[in-house]
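Each chain, letter by letter, is given below.
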Amino acid sequence: MKEILLACSSGMSTSLLVKKMEEEAENRGVDVRIWAVAQDKAVQELENADVLLIGPQMRFMKKKYAKTAEEAGTPLDVIDPVSYGRVDGKAVLDHALKLIDG
Amino acid sequence: MNTFMDKLENVLMPVADKLNNNRYLTALRDGFMIALPLIIFGSIFVVLANLPFLDLLIGEEAYATYQSALGPASAATLSIMGAFVIIGIGTKLTQSYDIEGIFGGVAAFAAFLILTPQTVDDVSGVIPTSVLGAEGMFVGIFTAFIAAELYRFFVQKDWTIKMPAGVPEAVSRSFSALIPITMTLSIFLVIRIIFSYTPFDTVQNFIYTIIQEPLTALGSGLPATIIAVLLIQVFWFFGLHGQIIINSVFDPIWYALNDENLQAFQAGGELPNIVTKQFIDTFLVGMGGSGMTLAVVIGIFLIGRSRQLKELGKLGGPPGIFNVNEPIIFGLPIIMNPLAIIPWLLTPVVITFITYFAMATGLVPKPAGIIVPWTTPVGLSGFLATGNAWQGAVLQVFNMAVVFLIWWPFLKILDKSYYESEKKSENDQAG
Numbered sequence: 001m002k003e004i005l006l007a008c009s010s011g012m013s014t015s016l017l018v019k020k021m022e023e024e025a026e027n028r029g030v031d032v033r034i035w036a037v038a039q040d041k042a043v044q045e046l047e048n049a050d051v052l053l054i055g056p057q058m059r060f061m062k063k064k065y066a067k068t069a070e071e072a073g074t075p076l077d078v079i080d081p082v083s084y085g086r087v088d089g090k091a092v093l094d095h096a097l098k099l100i101d102g
Numbered sequence: 001m002n003t004f005m006d007k008l009e010n011v012l013m014p015v016a017d018k019l020n021n022n023r024y025l026t027a028l029r030d031g032f033m034i035a036l037p038l039i040i041f042g043s044i045f046v047v048l049a050n051l052p053f054l055d056l057l058i059g060e061e062a063y064a065t066y067q068s069a070l071g072p073a074s075a076a077t078l079s080i081m082g083a084f085v086i087i088g089i090g091t092k093l094t095q096s097y098d099i100e101g102i103f104g105g106v107a108a109f110a111a112f113l114i115l116t117p118q119t120v121d122d123v124s125g126v127i128p129t130s131v132l133g134a135e136g137m138f139v140g141i142f143t144a145f146i147a148a149e150l151y152r153f154f155v156q157k158d159w160t161i162k163m164p165a166g167v168p169e170a171v172s173r174s175f176s177a178l179i180p181i182t183m184t185l186s187i188f189l190v191i192r193i194i195f196s197y198t199p200f201d202t203v204q205n206f207i208y209t210i211i212q213e214p215l216t217a218l219g220s221g222l223p224a225t226i227i228a229v230l231l232i233q234v235f236w237f238f239g240l241h242g243q244i245i246i247n248s249v250f251d252p253i254w255y256a257l258n259d260e261n262l263q264a265f266q267a268g269g270e271l272p273n274i275v276t277k278q279f280i281d282t283f284l285v286g287m288g289g290s291g292m293t294l295a296v297v298i299g300i301f302l303i304g305r306s307r308q309l310k311e312l313g314k315l316g317g318p319p320g321i322f323n324v325n326e327p328i329i330f331g332l333p334i335i336m337n338p339l340a341i342i343p344w345l346l347t348p349v350v351i352t353f354i355t356y357f358a359m360a361t362g363l364v365p366k367p368a369g370i371i372v373p374w375t376t377p378v379g380l381s382g383f384l385a386t387g388n389a390w391q392g393a394v395l396q397v398f399n400m401a402v403v404f405l406i407w408w409p410f411l412k413i414l415d416k417s418y419y420e421s422e423k424k425s426e427n428d429q430a431g
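Chain order of the listed sequences is F and W.
For the record, in the first sequence the residue sitting at position 50 is 50 according to UniProt numbering, with numbers rising by one throughout.
For the record, in the second sequence the residue sitting at position 346 is 346 according to UniProt numbering, with numbers rising by one throughout.
Heads up, some of the hints might be wrong.
[As the list claims (entries may be wrong)] Dumping the calculated BS3-like pairs for lysine-lysine here, alpha-carbon to alpha-carbon at most 27 Å:
no.	chain 1	residue 1	chain 2	residue 2
1	F	LYS90	F	LYS2
2	W	LYS18	F	LYS64
3	W	LYS18	F	LYS63
The hints are simulated quantities; they were obtained by calculation from the structure and are not laboratory data.
All chains should be built: construct the whole structure from the sequences, respecting the hints.
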């Protein structure tokens with residue numbers, strides 16, 4: 001199972017995305033767990049995740065997560081603003097899977 | 001235009017980065033986060049204790065009994081929120097050094113109590129709850145910073161008692177905190193004794209006169225509020241979470257102003273402040289999502305012809321009701337959109353003026369200091385924030401209409417350009 005962690009200011013807007021991504025994953029038959037957390041929880045949750053995606057409005061947090069992510073060997077990236085605005089589950093899932101598979 | 005935007009973003013990103021990754025501001029923000037559930041719990045009970053017309057319904061006497069029965073709920077949370085903020089900041093700041101946080105948190109609280117006058121009206125052995133609320137907030141924040149720093153300094157110096165192997169983990173941990181806590185709190189005791197020889201008598205008095213009063217006076221004024229609100233909007237325009245960034249600086253002021261109002265509200269007196277945490281969250285920036293975009297969603301439903309906007313309205317509508325609006329900000333898009341920047345920056349300033357003067361003239365009651373969860377829908381949140389006043393809800397609806405009117409021409413242009421390009425691409429495909 002692939003574990004995808006999303007983080008934004010309070011985990012609200014990313015949780016919209018979680019639903020869309022889950023739908024997309026189910027259609028494709030991909031076994032994933034996707035969950036959204038507030039930015040202050042992201043570091044703690046990082047060890048349970050295969051990838052961390054940050055909401056674009058919180059992209060200044062990337063540097064803060066980068067160290068922990070590198071130590072844990074977890075890839076991380078900022079979600080593309082356009083996909084974020086469209087709540088495009090498909091594009092973000094693709095992005096996440098691509099990062100996991102390196 | 002683009003190079004100018006790029007240049008501005010190059011300035012803003014490092015600022016956002018610095019503010020958000022600053023150890024102390026992060027601890028401050030996360031410390032408030034810890035206190036927030038308790039503050040909201042207390043707020044709910046203030047609302048319940050002050051339900052409109054209930055006194056007429058059940059009679060004065062029963063109403064008094066009812067109020068005093070609910071009283072402890074807010075007295076134990078909202079009224080002493082400084083205590084939770086202090087423990088929260090102390091814990092989070094200590095944690096940021098990869099040291100177990102809770103000892104830093106309780107050390108901060110104990111340090112604060114050491115600095116606190118422990119007499120009320122010549123009765124000793126009591127702690128005035130007022131200092132645990134707004135009055136003590138600033139001392140609390142500084143104390144938490146210093147106490148947590150001292151604690152981690154002594155821990156990192158390794159001035160600790162080592163237990164032999166085989167002693168249970170929990171026991172050896174509490175012993176390892178012993179010397180750092182003793183050192184930290186002793187320093188605060190010395191500070192207290194020194195201050196007792198000054199004209200200020202206590203540290204509380206000193207900070208209150210020197211820092212807190214001038215700072216809150218500044219923060220409660222219209223100019224500072226407009227600057228803060230504009231900064232939030234500018235950050236958001238570049239797709240950066242403006243509130244998170246600006247609040248970490250302004251929250252202590254806004255919460256302190258809030259608490260002053262709450263105390264006056266509960267005492268049934270005149271509310272001192274217009275600008276408070278609720279003024280910002282419920283009537284300005286956070287109304288219908290950052291930048292008040294729920295009115296934009298309504299605009300989309302009313303005038304949108306392009307598929308792109310209609311689709312966006314459907315996506316952004318439901319979360320917008322609960323003040324979550326990232327789909328609109330990134331989807332319209334508002335970020336980096338030269339057309340959107342005008343209404344984006346103009347509306348909050350106009351709304352700030354309207355709201356401020358509506359409250360200054362007494363047309364709408366001032367915020368009662370009740371913290372309404374930020375996901376509370378427009379209308380209800382204005383009602384609750386003003387201490388169950390219908391005028392608060394009406395003001396929100398009025399403000400939404402103003403936001404809509406300012407956005408209207410811009411939305412129309414945007415919609416038209418989307419519509420035309422959609423038509424063009426359809427024709428291209430057909431041709």
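Legend entry - Earlier hints that do not hold, by number: none
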